[in-house]
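**Student:** So the chains spell out like this:
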Amino acid sequence: MITAERKPLDEILALVGDKKKVLVAGCDTCVAICLTGGEKEAEILASELRIKAQQEATGAEVEHTAAIRQCEWEYLDMIADKVGEADIVVSMACGIGIQSMAEKFSPKIVVPAVNTNMLGMPQEHAVWLERCGACGDCVIGETAGICPVVRCSKSLMNGPCGGSHDGLCEVTGPEKEEIECAWALIWERLKEQGREDLMIKNRAPKKWNLSSSGGPRKMVREEAKPV
Amino acid sequence: MADADVKTPVAEGGEAAPEAAEEAPKKQVDPDFEPEIIVFACHYCAYAAADLAGSMRLQYPSNIRMIKLPCTGKLEVIHLLKAIEAGADGVYAAGCLEGECHYLKGNLWARKRVTHVKDLLAEVGIEPERVEMYNMSSAMGAKFAEVATEFTERIKALGPNPVKRAGVDAHAAAREALGGAAMPDDPAPSAATSEEGHAE
Amino acid sequence: MTTATEYKAGTNLEKIFSEGKFAVTGECGPPKSADGSVIAGKADMLKGFVDAVNITDNQTAVVRIASLPSAVTVQQHGLEAIMQMTCRDRNRLAMQADLLGAHTLGVHNVLCLTGDHMSFGNHPEAKGVHDLDAINLIQMLKDMRDEKKFQCGDEMDVAPKFYIGCAENPFGDPFEFRSIRLKKKILAGADFMQTQCIFNVPKFKKWMEEVRAEGLHQEIKIMAGLTPLKGVGGARYMKNFVPGMDVPDDIVERMAGVEKGPASHAEGKKLAVEMIKELAEVEGVAGVHIMAVEWEEAVPEIVEAAGLMPRPTVA
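Here the protein sequences line up with chains A, B and C, keeping their order.
For what it's worth, our numbering labels the leading residue of the first sequence as 42, then goes sequentially.
For what it's worth, our numbering labels the leading residue of the second sequence as 4, then goes sequentially.
For what it's worth, our numbering labels the leading residue of the third sequence as 161, then goes sequentially.
Calculated from the structure, these hints are not laboratory results.
In this text the structure is predicted, and so the values were computed from the model without any measurement.
Quick reminder that beta carbons are idealized off the backbone N, C-alpha and C, glycines included.
Careful: at least some of the hints might be erroneous.
Stated by the list, open to error - The following label-pair restraints were derived from C-beta to C-beta distances:
{"id": "1", "chain 1": "A", "residue 1": "GLU183", "chain 2": "C", "residue 2": "GLU307", "range": "19 to 27 angstroms"}
{"id": "2", "chain 1": "A", "residue 1": "SER254", "chain 2": "C", "residue 2": "ASP195", "range": "22 to 30 angstroms"}
{"id": "3", "chain 1": "C", "residue 1": "ALA416", "chain 2": "B", "residue 2": "GLY102", "range": "43 to 51 angstroms"}
{"id": "4", "chain 1": "B", "residue 1": "GLU179", "chain 2": "A", "residue 2": "GLU229", "range": "38 to 46 angstroms"}
{"id": "5", "chain 1": "A", "residue 1": "GLY136", "chain 2": "C", "residue 2": "ASP306", "range": "40 to 48 angstroms"}
{"id": "6", "chain 1": "A", "residue 1": "GLY100", "chain 2": "B", "residue 2": "GLU179", "range": "21 to 29 angstroms"}
{"id": "7", "chain 1": "A", "residue 1": "VAL168", "chain 2": "C", "residue 2": "GLU285", "range": "24 to 32 angstroms"}
As the list claims (entries may be wrong) - If the Cβ cut is set under 10 angstroms, some of the chain C residues that face chain A in the computed set are:
{"id": "8", "residue": "PHE280"}
{"id": "9", "residue": "GLY288"}
{"id": "10", "residue": "HIS290"}
{"id": "11", "residue": "ASP293"}
{"id": "12", "residue": "ALA294"}
{"id": "13", "residue": "MET300"}
{"id": "14", "residue": "MET316"}
{"id": "15", "residue": "LYS344"}
{"id": "16", "residue": "TYR397"}
Excised from the complex, chain A in its bound form (with noise of 0.2 angstroms):
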């Protein structure tokens, strides 16, 4: 699902200003399940908050809520009243939820106190790894269920790269920790189900387009909208 870090809180006070009347808002759906922005952590960071302005002497004052999904209107009805009476909300939710709310409650002054990473996976309990990377014309059937476009470094259609060794990729994380090469991944599982003949076959470049390099996209179910 769609995973987010909290912002340093340096970055969200600054974001705040001087405004006296603050609403943390959460999210209960991803950024809950991923630990970051649910009304929990919502809680947390409104009395962070609150002891930062009774240290400064702000005078602000902070309440918190959640809503059940920031990223649809019906949700947002539900917490119009308290956002209502905030001068600025702190959403915790991912992008989409956070720019709905912007949406919808404009022109109050809605800041992000999370920032957005990725479409993860849990592969253990809270550790998440990058898996999907939206490119709109996914080709994981052909490379034994792994996205190369986002697990490979260089998004590399016909990899490895010289630089897989010992099955790693040669970049490192931030903390320099190890990175599987993607492709390294593939190759084992191709052959797991024998079909080497994928790896031989010549991929032609990827459809950027597709993608959000082709500008922000829109999808229409027709067959699904109200007469």
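Fit chains B and C to the given chain A structure using the hints.
**Tutor:** Below, chains B and C without anything else, positioned relative to chain A:
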């Protein structure tokens, strides 16, 4: 009976006088500063150790105000944070020895959460040392007293909580935050012992 | 492959291969400044000792003078260039535009690479392009040259001529997959290949066995890569910190046994000469690619001592 009926010579009365705390300059060690310390103690070990300390007549500061939990694993980050927000000068969780938690891993979770709260406090500019996790068995009455004394000294040296304010009862706020997770205190066995009852 | 009268691009390198002669190439890294005289200097140093010289393209993701203008400078000084192009910094439009430009400026050897990741270089916050990968790039050059078509399928009147190169790492993982990857590059249209620098000659020979077993050495010209060592420090660094590098212990020990300085330089050159002679005997190795990084001055001596002088002149 939760608290020692023997008061330490320095501490007179359980609650640190808020007025004294506010008048005391923040970073200097004020000998008159009486910190308010909230202890989240687990029913199976730490609270029993406290009882034992009491019946052994071991001295420990009456700055300590206890809240009993079935297990320190019940403690959430927000409980610790709210206690500090409400002005408690120091807060600690006291649970079973690691590996001996009655609920197996509750005390391990508590330790993780205490560590996380230290990080949160650091980012809001409050000393992380104001929050701590301790482990003890129900037979360790002396340890309970030792921890209470040590921690009180630590908090005295740190001075009052920077966000303390008059009229806010941190202990009550902590209890309220815990809701149903907080257990009632054991009733005092007789009037001759503790003056410091904590019955709600 | 090429007949005597019909070359793909007619470069010096291509002709030397075509005549069955052992080719020698070098490498030249442009400077991290606007000082073009550095490249000219390196060209002058290598001229006559190598058949062509690689011009790197923002190597290790560090910004340097671009490979196309550097290649032009080098060729102006009478030495043929092999322009390297990575997939990291350019999309397919920029690549094709540069390639058309390369042709018009007389640069016809192009080596297609994926490119080191941004995080290794001095602009780690840059957006990595990676519109294409190295195999897509090779295919694109081939289609421009032979089909006279752009990547999108549009036709062009005057098609560029390229002699298409690629790189391969015989020691990378997964080991068994390396010959498959070479096959993919051959299928895509690569004409010649240079390996990453070899220190483990026995392992390289084993890889060549597999390559020969599939007849790949007849479908692509294989050049063995080599880097002369200046001292044990370099050997250890490559062994421990460069991914995919296989430096056997006996080589490290050999270099360690010599005092750092002129003695270790001499030993490093001696080792390089020995390796070149050994690699030249391996069936299927059509040439050697000497990457004397920041030590270009060692190349003339090495080439001479390896018995590779004078370099052949071709029509």
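**Student:** Which of the listed hints are broken here?
**Tutor:** When the structure is compared with the hints, numbers 2, 4, 14 and 16 turn out to be violated.
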